[in-house]
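Undergrad: Read off the chains here:
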Amino acid sequence: MSSAGYAGQSAHHNQYQSDQRTESSGRFDWFLAFAVVACIGAMIRAVWFTPIDAMLGAAQKIFYVHVPAAIAGLYIACGILAICSIVYLWIRDDRLDRLAESSAEVGLVFMGIVLVTGPVWARTSWGTWWVWDARITSTLFLWLIVLGYLVLRGAVDSPSQRARLSAVMGSLAALLVPFIHLTVYLFRGMHPQPVVIKPEAPSLPPEMLRTFGFSSISFLFLFLALLRMRYRSATLRDERAALVHG
Amino acid sequence: MMAGVIGIASMTSSAAMFLQDTSSKVAYVARPGGPVDTSAYMWAGYAIVIVVYGSYIALLLRRNAKLRSQPRISP
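Residue numbers (this note's numbering), protein chains in the order written: chain P, -2 to 243; chain W, 5 to 79.
Chain W with its partners taken away, still in its complex shape (with noise of 0.2 Å):
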C-alpha cells in the first residue's frame, strides 16, 4: 500500500516536471483568429536594416569629408 502511494507521487512529480520542462521550450502558441503574432522579429529585422545602412552612410560620408578636409596641391 505504502509503495503503491509513494509511486504514484512519483509519477505525478515527474509528470510535473516533465511538463514544466516542455512548457519553457514551446516557441509559439497558436492563435485561433490567424496567424502568430511574430511583428516584433519584422521589427527587429527593419531596426537592423535602418541602422546597419544608416551607419554605413554615416561612415562614408565621414571618409569623405575627412578626405576633402585634407589639403591638395592645385594644378
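Just chain P, with the same shape it has in the complex (with noise of 0.2 Å):
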C-alpha cells in the first residue's frame, strides 16, 4: 500500500487502539524454529558425524558453514537485491524496496559470517589469518558496498528518494558478484577453486558431500526465515511510518 493511502486511512480513522497493537505478536514462527534446529542439526552431524580432513584436520569443518553462508549472502541475497532493485526502478512498487532492503541486511550478516570464517579456517591451512587474494579482497568490498548500502538508506529521509538511490546502488552493487565467483579463475591466488559449485562433479567424498548438502538446505532455511521476519519488520515499520507522519 502506498503512503497516500495510509494517510487517508490515517485521516478516516485517528483513534489508537491498544487492545490490538498487533494482529500477530504472540505468533511463534515455526519456520524460523524449524531452520534453526535445521542449523544446529547439520552443524551436529559436522562436527561429530563426519570425517575430519586427513590433511588440515578438523579446521577443515569449517567447510560446512562458511561455503553455505556464501551460498546464500553472496549468491541468494545479492541476487535478490539485484533482481527488487531492478524491478523497483521499473515498477516503483513499495514492497520491492522492502524486500531489497531486508536481503541486504540478512546477506550482509552471512557475508560477514564468510569473512570471520574464513580467515579462521585460513590460519591453519595458510599459516596466515589474512592475504589481500583476489577473492577475499572483493569480497571485502562488496562487503563494504552492501552496508554502504544499508548507510545510504538510513541517511535520506524521503523514502520515494531513498527507494529510487538504493535501488540504483543495490543493482550496481550486485554486479560485483559474478566477478567474485570467477576470481578464482581468472587471477592466482591462495583461495582455492570452488569443490561443489563447478561444471564438472563436485570434489568432496560422499560423506562430506551429504553433510555439505544437508549444511547448505538448512542454512538455505535459516536465510529464508530471518529474510521473511526482516521482511515483516520492514512493513510493520513503514506503516507505523506512514500512520504516524501521513
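Treat the hints as calculated values from the structure; they're not laboratory data.
Each hint should be verified, as a subset may be incorrect.
Not the full set, but computed from the structure, chain W residues with beta-carbon under 8 Å of chain P [stated by the list, open to error]:
1) VAL40
2) ASP41
3) SER43
4) ALA48
5) TYR50
6) ILE52
7) VAL53
8) TYR57
9) ALA62
10) LEU64
11) ARG66
12) LEU71
13) ARG72
Glycine is no exception: its CB is placed at the ideal position from the N, C-alpha and C atoms.
Combine the two chains into a complex, taking the hints into account.
TA: If you want it as C-alpha cells, here you go:
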C-alpha cells in the first residue's frame, strides 16, 4: 500500500487502540524455529558425524558453515537485492524496496560470517589469518558496498528518493558477485577453486558431500526465515511511519 | 688461540639465538599419527557462527517486538 493510502486511512481513523496493537504479536515463528533446529542438526552432524580431513584436520569442518553462508549471502541475497532493485526502478512497488532492503541486511550478516570464518580456517591451512587475495578482497569490498547501501538508506529522509537511490546502488553492487565467483579462475591466489559449484562433479567424498548438502539446505532455510522476519519488520515500520507522518 | 675461542663462542650464541627466534615462529609441529590438531580453530569458527546468528535473531525479535508494542491506528 502506498503512503498516500495510509495517509487517507489515518485521516479517517485517528483513534489509537491499545488492545489491537498487533495481529500477530503472540505468534510463534515456526519456520524460524525449524530453520534453527535444522542448522543445529547440520552443525552436530558436521562436528561429530563427518570424517576429519586427512590434511587439514578438524578445522576443515568450518567449510560446512563457511560455504553455505557464502551461497546464501553472496549468490542468493545479492541476487534478490539486484532483481528487486532493478524491478523497483521499473514498476516502483514499495514491497520490492522493502525486500531489497531486507535481503541486503540479512546478506550482510551471512557475508560477515564468510569473512570471519574464512580467516579462522585460513590460519590453519595457509598459516596466516588474512591475505589480499582477489576473492577475499573483492568479497570484503562487496560487504562494504552492501554496508554502504544500508547506511545510505538511513541517511535519506524522503521514502521515494531513498528507494530510488538505494535501488540504483543495490543493482550496481550485485554486479560484483559474478566477478567474485570468477576471481579464482581469473587471478592466481591462495583461495581454492570451487569444490562443489563447478561444471564437473563435486570433488568431495560422499560422506562430506552429504553433510555439505544438509548444511547448505539448513542455512538456506535460515536465510529465508530471517529474510521473512526482516521483511515483516520493514513492513510494520513503514505502516507505522505512514500512519504517524501521514 | 684466544681469538678462535671467542669466535666459536660467538657462533654458538648466534646459533642458539637463531634457533630461539625460529622456534617461536613455527606454526605447527608435524605429528606422525595424522593431521595436526586444529580442533580449537574448528570450535572457534562454530562459536562465531552461533554467536553471530544468535545475536542477529535476538536483534530481529527485539526490533519486531518493539515495533509491535507501538500503538497503531485501527481501521
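Undergrad: The hint names ASP41/W as touching chain P; please verify it with the least Cβ-Cβ distance against 8 Å.
TA: holds, 6 Å
Undergrad: Hint validation: LEU71/W versus chain P, beta carbon distance must be below 8 Å. Holds or violated?
TA: holds, 5 Å
Undergrad: Given VAL40/W as an interface hint, is the shortest Cβ-Cβ distance to chain P below 8 Å?
TA: Holds, because the Cβ-Cβ distance from VAL40/W to chain P comes to roughly 5 Å (cut-off 8 Å).
Undergrad: Is the shortest C-beta separation between SER43/W and chain P less than 8 Å?
TA: With a closest approach of 4 Å, the SER43/W hint holds.
Undergrad: Quick one, is the ARG66/W hint okay against chain P at 8 Å, beta carbons?
TA: ARG66/W check fails; min Cβ-Cβ to chain P is 10 Å, beyond 8 Å.
Undergrad: Quick one, is the ALA62/W hint okay against chain P at 8 Å, beta carbons?
TA: Violated, about 12 Å.
Undergrad: Regarding the hint that ILE52/W lies at the interface with chain P, is the smallest CB-CB distance below 8 Å?
TA: holds, 5 Å
Undergrad: Double-check ALA48/W for me: the hint is only fine if its C-beta lies closer than 8 Å to a C-beta in chain P.
TA: This hint holds: ALA48/W lies near chain P, its Cβ roughly 5 Å from the closest one there, short of 8 Å.
Undergrad: Quick check on the hint: TYR57/W CB to chain P CB, less than 8 Å?
TA: holds, 7 Å
Undergrad: Identify whether the interface hint at ARG72/W stands, where standing means a beta carbon of chain P within less than 8 Å of its own.
TA: holds, 4 Å
Undergrad: Holds or violated: the hint that LEU64/W contacts chain P, with Cβ atoms closer than 8 Å.
TA: With a closest approach of 5 Å, the LEU64/W hint holds.
Undergrad: For the hint on TYR50/W, just tell me whether its beta-carbon gets within less than 8 Å of chain P.
TA: holds, 6 Å
The structure is inconsistent with the numbered hints 9, 11, although it conforms to all the rest.
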